[in-house]
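Chains as they are written, first to last, in this note's numbering: chain C, 1 to 242; chain B, 1 to 284.
Among the hints, erroneous ones may be present.
In silico DSSO-like cross-links for lysine-lysine, where the CA-CA straight-line distance does not exceed 27 Å [to be verified]:
#1 B:K165 <-> C:K111
#2 C:K51 <-> B:K165
#3 C:K51 <-> C:K185
#4 C:K58 <-> B:K87
I should point out that these hints are in silico values taken from the structure, not numbers from a laboratory.
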Amino acid sequence: MLMSEFAVSINNLTVAYNNKPVLWNINAHIPSGILLAVAGPNGAGKTTLIKSILELVKPVAGTIQIFGSPYAHQRNQIAYVPQRMSVDWQFPITVFDAVMMGRYGNIGWFKRPGDADIIAVHTALQHVGLTPYAQCHISELSGGQQQRIFLARALVQEASIYLLDEPFIGVDSVTENTTVLLLKKLRDQGKTIIVVHHDLQTIRKYFDWVLLLNVERIAYGTVEQVFTPETVTAAFGTAMQL
Amino acid sequence: MNSYFPEFIRLYYTSCLVMLGTCMLGIFSACVGTFVLLRRQSLLCDALSHAALPGIACIFLLTYSKNPAVLVAGGAISGTISILLIKGITARTPLATDTILGIMLAVFFGCGLVIMTEIQKKPISEQAMLNKFIFGNASTLLPADIALIALIGFLVISCIILCWKEFQLITFDAPFARTLGYPVYLFDIVFTLLLILTISIGLQTVGVILMSSMLIAPAAAARQWTQQFKQLIILAGAIGACASMSGTFLSSYLHHVPTGPMIVIVLSSIVFFSLLFSSRYKPT
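One chain only, chain B, in its complex shape (with noise of 0.2 Å):
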């Protein structure tokens, strides 16, 4: 008996961890996702979450860094750096920007493979945990990767409570926002970097593959119910709350499924659920 209370406390309290951390990165990532949706960039953000693996590759290879801030941090960097380019050869040619951001998704996410590969045939024991950033496994979170969820998401959140008007006005109508003072360009970097941030903390829970998911699903699935802003937001963040903790649930009730994919299936079934039973293009 003595030995079995430790072990089931132990469980018990991993279990809460990663249920937390999964319904924390449901809302957060739900709550920015609505703006991207507004803002019609789904592609964008799968072309960052792609753009942050050869990040995490590189700074693992110059540092062999476990920590989550530092790998986190790598990301965001190449996230950062992706999107400069984009913006640059977008200003700069007269490809359209669907067709750069496929382009830069597809490099990122291949240099990122190709050091993912050179880090593997190095003898070195802290590469495996790099393969989660991948597909995503939320069961190997730990009190500091929940702790920098909570950190960022909040950070996010509040920028967005505190420039909530501004940044409705400025996906609503943009034009509008210059003609009245908004510097428009400042928000929009504002938020590029409020996105790349919450991308960031996802990888390691979804993965780069799926991130954009978490993203776009909870707010795709709440647009179906609701026409108010506000509610809009609150039900993709409750949305993205049962979602990842429901798919977390399965992942670890199934064995050795990633956790990315699970979220993503129990996320893409609401979406699907809420097309066909909201009422709101069915004909009158």
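With the rest of the complex left out, here is chain C (with noise of 0.2 Å):
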């Protein structure tokens, strides 16, 4: 299979904070249209391989290729979705204009939002159950709803790799449903997701694919070919229940 043909391809990935290894010599090759969870222990460097994906930390050494291209190249082929409390909840913003953040990328440098921009987010609040609050205050929502709305400034930004951090973290449920077959639509139209997910019981019913870290590389396949007790163990130091 060539590099291009896979939606991200990470080699050797080593990323370090204050010298100390957080990343150790990753490799991974993400093929498209697969929903993939990306597991381990706390301090594994689940997060620091999202932002090394989105460059926004530097690694050691390795390189990572988006589409068989830098990063720089495929930047609007990626949509991020951050953990929920890396925000002020409290900035004075609504849920219309916070979603239309995600169209920012597209509509350039000192524009103006178009009719498209604004349909496009229109369409992403339906798709995520927040229609009725378009005009409310980011802060009036609840934890999950919040969610939500980082969910819908991804999806705005029409993009084939969608990253997301932590998604479910003190969600509701029906916010874990909605994110979790919004994902589901999105791989069957050919898109790749890689999310960030700490709760083992559900990575059978939610995932396809499982990269198990441990600073390093522990496991990395198909639910069902890699995700048995004993990679489990071996990423997280104790026997878990699956």
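Dock the two chains into a complex; use the hints.
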């Protein structure tokens, strides 16, 4: 398979903070059209892996390619859903405007959003069930609804690869179900979804592929093949119930 | 009568000029201050305004110029040096940013006071006018000062309007902005330069010690009344304008009261009123 046929190719990636490695020699070639869980214990480097793909952190060694090209050339192909607590939810902005930010990459510098952008935002809000809250302030929404704002913001980017960092932490069951259905729908459309996920119980139910990390790569492949009690024990250092 | 009218007109003209200057300053600093408040950079604001003093004193010592543009340039240069030092020390040491800001604020202000003391020992008639840069004195504003406030203020506001959506995005979620390809670091530099320019034009009116309140207080008061970004900036600008004009009026009415402290007292009253009577933090 050619490198350009993989959505994301991670080659010998090593990342360190203050000379302490958080990711060590990671290799993973992620094909298009899959729903991949990145799992591992706290401090395993899951979020760092996502940030490395987005070039938000600089690796010590190794490369990451998006459809065979560097990230800088493929930026528009990737949509990012950060952890909910990464922003100030008291910021004076409506739900609609927060979702519109996802279009800013397409709109370009100094320009104002056009009709197509407005339609895209309304459509995304409808997909995540937030249409009635479009003109509400972002702080008026529950934790789960706030997470769905980020999801809608990623949807309007109309990307090929979606990176989600712990989207199910502290959210209600409605949000979790809506998100999973939406991600599966995107997967069926050929999009690649990479999710940092902490709940081992739901990996089999939600995901096709899994990357088990604990600084190093412990296991990578389809859930049926590699998500076994042995690999999970190797990643977490203790036997976990699956 | 002949002598009365020209004097009356002159006083009226001077008052209008001073009011115009402080009003513009109130609007411009409140607009920039809204971003400072949302970026949680209030202490940086304070450090930058204190850091302007040695620059003003040094440029005076070098040129003996009373030209506001020259003195403002001096303030802007030392403000820029201070931010470079702050960023450099933050990147290279494990010290927390607020610790570095606190140290820089004191160091630059201390240097400024030392240079000012040395200047006061010199037999130069113009040196007395430097004192207004500590507490501010709007009554000494001349048409050239007003023109400078207007010029720099419009430049700052034009930049904010032009990059409105970019500044809003970066203030709300900088990492996400980086993933979209926005040069967040460049925007940070541009914003800091706009902040330094805004601080510089306010020093003569409000003084280095209290200039940060001029930026932060209107936004803090307005924040209690609205959850909309555009409304917040407009309301902060209106509060800044009203407080500046009222403070200037009270300062001239009460005689020998510096303008800076008077404006800050009015602004603080509006902040406390907003905290007490807005519904934002009341239990529902």
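Taking the hints in turn, this is what the structure says about them:
The hinted pair formed by K165 of chain B and K111 of chain C meets the criterion: a straight-line CA distance of about 8 Å does not exceed 27 Å. Of the pairs offered as hints, the one joining K51 of chain C and K165 of chain B holds, with about 24 Å between alpha carbons and a cut-off of 27 Å not exceeded. A distance of roughly 25 Å separates the Cα atoms of K51 of chain C and K185 of chain C; the hinted pair therefore holds under the 27 Å criterion. In summary, the hint linking K58 of chain C to K87 of chain B is supported, as the alpha carbons are separated by about 19 Å, within the 27 Å threshold.
Comparing the model with each numbered hint stated earlier shows that all of them hold.
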